[in-house]
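A.B. asks: Those protein sequence lines, which keep their order, are chains A and B.
Residue 110 in this note's numbering is what sits at position 110 of the first sequence, and the numbering runs on without skipping anything.
Plus 512 on top of the position in the second sequence (first one is 1) and you've got this note's numbering.
Don't read these hints as lab results, they were simulated from the structure.
The model shown is predicted, which means the values in this text are computed figures rather than measured ones.
The reader is advised that the hints may include incorrect statements.
[As the list claims (entries may be wrong)] For lysine-lysine, the following DSS-like pairs were computed, each having C-alpha atoms within a straight-line distance of at most 25 angstroms:
(1) K555(B) <-> K360(A)
(2) K555(B) <-> K93(A)
(3) K289(A) <-> K683(B)
(4) K555(B) <-> K355(A)
(5) K151(A) <-> K555(B)
(6) K488(A) <-> K151(A)
(7) K683(B) <-> K727(B)
(8) K488(A) <-> K248(A)
(9) K193(A) <-> K57(A)
(10) K300(A) <-> K57(A)
(11) K264(A) <-> K193(A)
(12) K253(A) <-> K358(A)
(13) K555(B) <-> K497(A)
(14) K340(A) <-> K358(A)
(15) K555(B) <-> K358(A)
For reference, the chains in residue letters:
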Amino acid sequence: MVKSKLRFLVTALLGLAITLSGCSGDGGNASGSNKSGENGAPSLEPVTLEVVVPGAKGANYDEVLAEVNKRLKAEMNTQVKFTIIDFADLNQKTNVMLASGESVDLIFDAPWLHLDTMASQGYYEELSELLDQYGPNVKETRPQQMWDANKINGSIYGVPLGSAYTQQRSVFIRKDLREQLNLQPVKTYEELKAYLYAVRDSNSGITPLLAGADDVTYSWVNWLIRDDTSVNIRPTNFAGASLMLYYKGNDGKVYNFFETQEPKIWSNIQDVRKLFVDKVMSQDVLTNKSNPAEMQLQNKVAATPQMVFGAPKAYNDQLKQVVEGGELEAVRLFDLTPGKNLSNFKMDNFICIVKTSKHKERAMMFLDWANRQENYDLLEHGIEGVNWKQVGEHQYETLNNDSGIVSFQLMLNPTLEREWVGTDEETQKYTQFITEADNFTKDVMTGFTFDPTPVKNEVAQFATIQAKYYSGLFNGALDPDEYFAKFKAEGEAVLEKIQKELQNQVDAFLAK
Amino acid sequence: MRMLKDLVKHRNLYTMAIPGIIFLVVFSYIPLAGHLLAFKDFKISQGIWGSDWVGLDNFRFFFSNRDWLQVTFNTIYLNALFIIFEMVFALLIALFLNEIRMKWFKRTIQSVVFLPYFISWVVVGYMAFILFNNTDGLINSVLNRSGLQAVDWYQTPWVWPIILTLTRIWKSAGYYSIILLAAITGFSADYYESARLDGATRIQLMRYITLPLLKPQIIILLLLGVGRIFYGDFGMIYGIIGDNGILFPTTDVIDTYSYRALRQLGNFSMSSAIVFYQSIMGLIAVVSFNALVRKIDKDSRLF
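The following block holds chain A by itself, in its conformation from the complex (with noise of 0.2 angstroms):
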């Protein structure tokens, strides 16, 4: 603690007379790509950054965004102003903003939303030479292998953020009713099962599960694919985490799920089928418009996807409040041993300066800010000795149930990222697993974007054949036997055209 105290002092003192230094000497000479990234507050003109992230306000959002403003006015002469948008609505928005040029500087985007459309249709800078010049904490912070794997067409067009090689996932189920209905910790599907039909057994008025139809990704077939290496079965992206196109294995080939019916998929589907008709699957699963997750803090429902390994003490003391005694706990089908699973070493997130951004040059000079300890800290974990305090070097205690603004839409990396104190051993197993690159198997098509501009008119056709059936399938809604075919009928000629485009895309990136 004390030593910590110490080490921001010196650096501050550092930063204060580099800065000194830069304005008495000979006037502009305070270089770009100067360590700290202090290039002489007085020589920069005032700039409010508009930066568009996706999440939530939390309680003290205004007593940390004014400590972040206060220092970015001292160093940099700028403040920054975030629009935090629901996730619900993220796709719908942010398009509207990128389609509208309305005046935003940094924005958020993912694989999963729209990244790669927005990057090759020109909505995005390139971000080399700005970090050259004006980032040397970003790219430090991040090792080279993350950079070369996240270039679209060579170009970086986003700062890649993760500190892991593939995301946290796990189904929370409640440890209270679980011990209430006499049943042994969950170690797999099956007991997984068992859990779920208990509940519903129970009579106890709580939805035993609910996956998240309005995001791909959460659809049940698709949480439980990932985690399955036994086939190693993973989305093309060409729409969103869509399994309608697929890779399986390492051999470069693009699977159509029509042609296929793929016999691990198809069997999940009818699981989930079965798990709908029995009503363990919320039989508002389509329309559902609250957040799972919240959902299950309300004590309504007993059984989520959730994208961490293990349960954050906010939500069990949330719960606690509801219900006395709840205790979420997560179950975690994913596969500890070395080589099965695949990395593209792809992150999951990236945050982007916008093409038509009038501020670039400080939009970075930003990024590089939130990239240095001390701010990544308040950023993420809010005011120090308030909110949380250092533990160690890499780790952190939580001194009340408020935290910072932003993470995973901003800034996180493996260097500067601390791990909660109170992580139990079981969870840091799997959350120090996926940290080390070696841990996983490289994916043959790392590096690799499909640009769908060739299929634009196909894509958009597919994308509203889907809407009608995918969500329905993939959560157990709508009958397979009876919509399969029809969706088949409807979807397979479109599909198959880009499913060749993008078998087309592939060979010619495997043959460099």
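Chain A is fixed; fit chain B onto it per the hints.
C.D. replies: Chain B in isolation, oriented as in the chain A frame:
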């Protein structure tokens, strides 16, 4: 020359029209140029003029799939239902309100029917979900308690045009009734007095005096509605139906359809192509409806 004289003579009146004209120019006429995008491969980095011409390529995704017939039909069908039923109920409300003599009662009713107009479609969507959902929906709970079979509302496409029409009536009939009521209060009392002297009943007064006098207002409201008949109410449909594919056969309209097609691609030109299609069809609809009006009643036509 005569026009100039007229302009000078009524300059105050014309001055008052300026804000409205500016609004129209900025929001209706200038955007007409945007139709150009429908025929270009628009890239934001190249600008409107720098982008390539591509002919009708942007229309291909919409028309090469038979779904376009279905969504066009849904758009017209739903809008026709909305226009007709809104008008009928607005008329009824206006006529009844006009008959009420107790001022406080009239005011209260007026406010109550007007109020839903201000509720956002997103909120209406949540309200519909609370009513119709399958887990703890109000309607199904009532059905269950009274010993009836619950209905999977969100899996039953055919009921939704009815539900949507009812929602529309609830939401905007009050609004239109206020417009009609304003016109009714302007009618000269002489007509009613002389009719009453001849022994006309209240129903007869409505039938033979109020309704015929209201015709111009009704026709204008209808014409405005018909002009937008090819524009689906995106806020409404998306707020209530969302991405529930099961209900698309009866509820998917051009706007929600193209939104879904293009949200992944974010392609400007293709969405412009859809808007172009809607504009042309809307223009045809207005011109032909106006021609129809001209035949029936020459004085009520718009142009």
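A.B. asks: All hints are to be evaluated individually against the structure, with a verdict given for each.
C.D. replies: Structure-based check of each hint:
1. K555(B) <-> K360(A): Satisfied, since the Cα-Cα distance of roughly 20 angstroms is no more than 25 angstroms.
2. K555(B) <-> K93(A): holds (19 angstroms)
3. K289(A) <-> K683(B): Answer holds: K289(A) to K683(B) is near 21 angstroms, not above 25 angstroms.
4. K555(B) <-> K355(A): The hint holds at about 12 angstroms.
5. K151(A) <-> K555(B): Roughly 21 angstroms separates the two Cα atoms, so the pair holds.
6. K488(A) <-> K151(A): Outside the cut-off at roughly 34 angstroms; violated.
7. K683(B) <-> K727(B): Holds - the C-alpha atoms of K727(B) and K683(B) are around 23 angstroms apart, at most 25 angstroms.
8. K488(A) <-> K248(A): Measuring from Cα to Cα gives roughly 21 angstroms; hence the hint holds.
9. K193(A) <-> K57(A): The hint is violated at about 35 angstroms.
10. K300(A) <-> K57(A): holds (24 angstroms)
11. K264(A) <-> K193(A): holds (17 angstroms)
12. K253(A) <-> K358(A): With Cα atoms ~42 angstroms apart, K253(A) and K358(A) exceed 25 angstroms; violated.
13. K555(B) <-> K497(A): holds (24 angstroms)
14. K340(A) <-> K358(A): violated (46 angstroms)
15. K555(B) <-> K358(A): holds (19 angstroms)
Consistency with the previously given hints fails for numbers 6, 9, 12 and 14, ordered from lowest to highest.
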